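So the sequences go chain by chain: F and H. In terms of the numbering used here, the first sequence has 188 at position 188, counting the first letter as 1, and numbering is strictly consecutive. Position in the second sequence counted from 1, then plus 1000, gives you the numbering used here.
Some clues are possibly wrong.
[Stated by the list, open to error] Quick list of in silico lysine-lysine cross-link-like pairs, BS3-like style, CA-CA up to 27 Å:
1. H:K1089 x H:K1125
2. H:K1118 x H:K1049
3. F:K110 x H:K1068
4. F:K24 x H:K1068
5. H:K1089 x F:K54
[Stated by the list, open to error] Stretch-level coverage of chain H by chain F, calculated; a stretch enters the list once three of its residues show a Cβ under 8 Å from a Cβ in chain F:
6. 1018-1029
7. 1077-1089
8. 1095-1101
9. 1200-1207
Quick caveat, the hints were computed from the structure, so don't treat them as lab data. It should be emphasised that the depicted structure is a prediction, and the values quoted were computed from it without experimental measurement. Beta carbons are placed, not taken as given, at the ideal position from N, Cα and C, and that holds for glycine.
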Amino acid sequence: MTDNGTFYQRDRNWHPPAFTPTYKTSILRSPQQPLLSLENTISELTGPVFGHDKLGPLDNDLLRNFAKTGDPIGQRIVVYGRVLDENARPVPGALLEFWQANAGGRYRHKKETYLAAIDPNFGGCGRVITDEEGRYWFRTIKPGAYPWPNGVNDWRPAHIHFSVFGHAFAQRLITQMYFEGDPMIWQDPIVATIPDKAAIEQLVAALDRQNTLPMDALAYKFDIVLRGRRSTMFENRMEGN
Amino acid sequence: MVQKLPFLKESPSQTAGPYVHIGTNPNWVEITGVWNEDLGLVLVGPETKGERIVIKGRVFDGAGDPLKDALIEIWQADAAGLYNSPQEKRGKADPSFVGWGRQPADGATGEYRFETIKPGRVPYKDGRLMAPHITVWIVARGINTGLHTRLYFSDEEAANAECPVLARIAHKARVPTLVATRTEENGLPTYTFNIHIQGEKETVFFDI
Ligand SMILES: [Fe+2]
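Next up, chain F with everything else stripped away, as it sits in the complex (with noise of 0.2 Å):
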């Protein structure tokens, strides 16, 4: 069991900088002192727990828990997966939480500019914890790509948020789903705040045939990737020396 040890350090050159002037946003919120490494205390290898009792039966279902006077316009898909460790193990009771534009690349909030038409049937957000095994799924219809105010004419690829809480505060994390094959996840500015090719891959979730409901929802599956944790066996070796 390796549930007590501390996390492996987060690797800085895997994830985005904070400073990547091509996201010109991140400028002026960029810290420039460097941060200061803190061997993990009890109050980052504790976090909070969530009960599948705050949980909905309709909050993984984005293609009804919206709906008012029919199914939201767009292709429907399943994005399942599941949430493991660095360790590869399973992460359960893991609480994701996600949203998205509708089919039309439009969000659902009063700061949105785009022209694209609204869905009177598509909320955009929805919830799930992981079960025994790190897994989830939800349902959903692909969001659409969209234009934001950066460069001219930037555009977002398809994408789909993601917050998730692991078992420790130290796994907290918020990142973002493409997908397979669309060539606009390469020209994207925000994307490319990742300096690597394969993290970035990571984020590309596959097309899965053999999981598409047939004649109903293509599949997409989607593993998300938290910290590990050290093991306590060598934890208390070295402390022993």
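Position chain H with the ligand relative to chain F; hints supplied.
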């Protein structure tokens, strides 16, 4: 070639973007009916043990402007210094206090506000007590990886002076960036904790 190690890489972070509230606080952005209550708004109930306090402040960018789209999460121990988490092995925390909160910055002023309790002290790795503190996490558009910091309390001078984490800060002039200032508002102890992402007053952020 060598043998492969069995480890996976952590999923890389991406910015929360401007519409994080759709996923975390849909009711706050008028997406109603999906779920009744956004998570993390209320920390304290009538049964919760401990001194009631208010924490408030703003998050400033490098030009000195407040972020109006930031989302702030806090994580803290209960009044006795125990975390409400299965990873907490030292005892059983107050069942009426989850210890986690989440608030959006106000869309007009950028101010965030939590009503919570003052946490007790918890030990550092070596058993020495850290000063009472609250873990703070900030995400927003333009922040590529969520920023971790800590809030300490201005009326805990003695504890702050011996806190092993504050002692790690080499530039002593930066320690006050982690200390929230106590005043009294409407009869409640109120701590103001302004966070400066960049610039002369830059807050100390942690790589935890
Ligand atoms: Fe987005």
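Verification of the hints:
1. H:K1089 x H:K1125: Measuring from Cα to Cα gives roughly 14 Å; hence the hint holds.
2. H:K1118 x H:K1049: Status holds; Cα separation ~10 Å.
3. F:K110 x H:K1068: holds, 14 Å
4. F:K24 x H:K1068: With a Cα-Cα distance of about 17 Å, the restraint between K24 of chain F and K1068 of chain H holds, given a limit of 27 Å.
5. H:K1089 x F:K54: holds, 25 Å
6. 1018-1029: holds (count 9)
7. 1077-1089: holds (count 8)
8. 1095-1101: The restraint on the segment 1095-1101 of chain H holds, since 3 of its residues have a Cβ under 8 Å from chain F and three suffice.
9. 1200-1207: Held - the segment 1200-1207 of chain H has 6 residues with a Cβ nearer than 8 Å to chain F, which meets the minimum of three.
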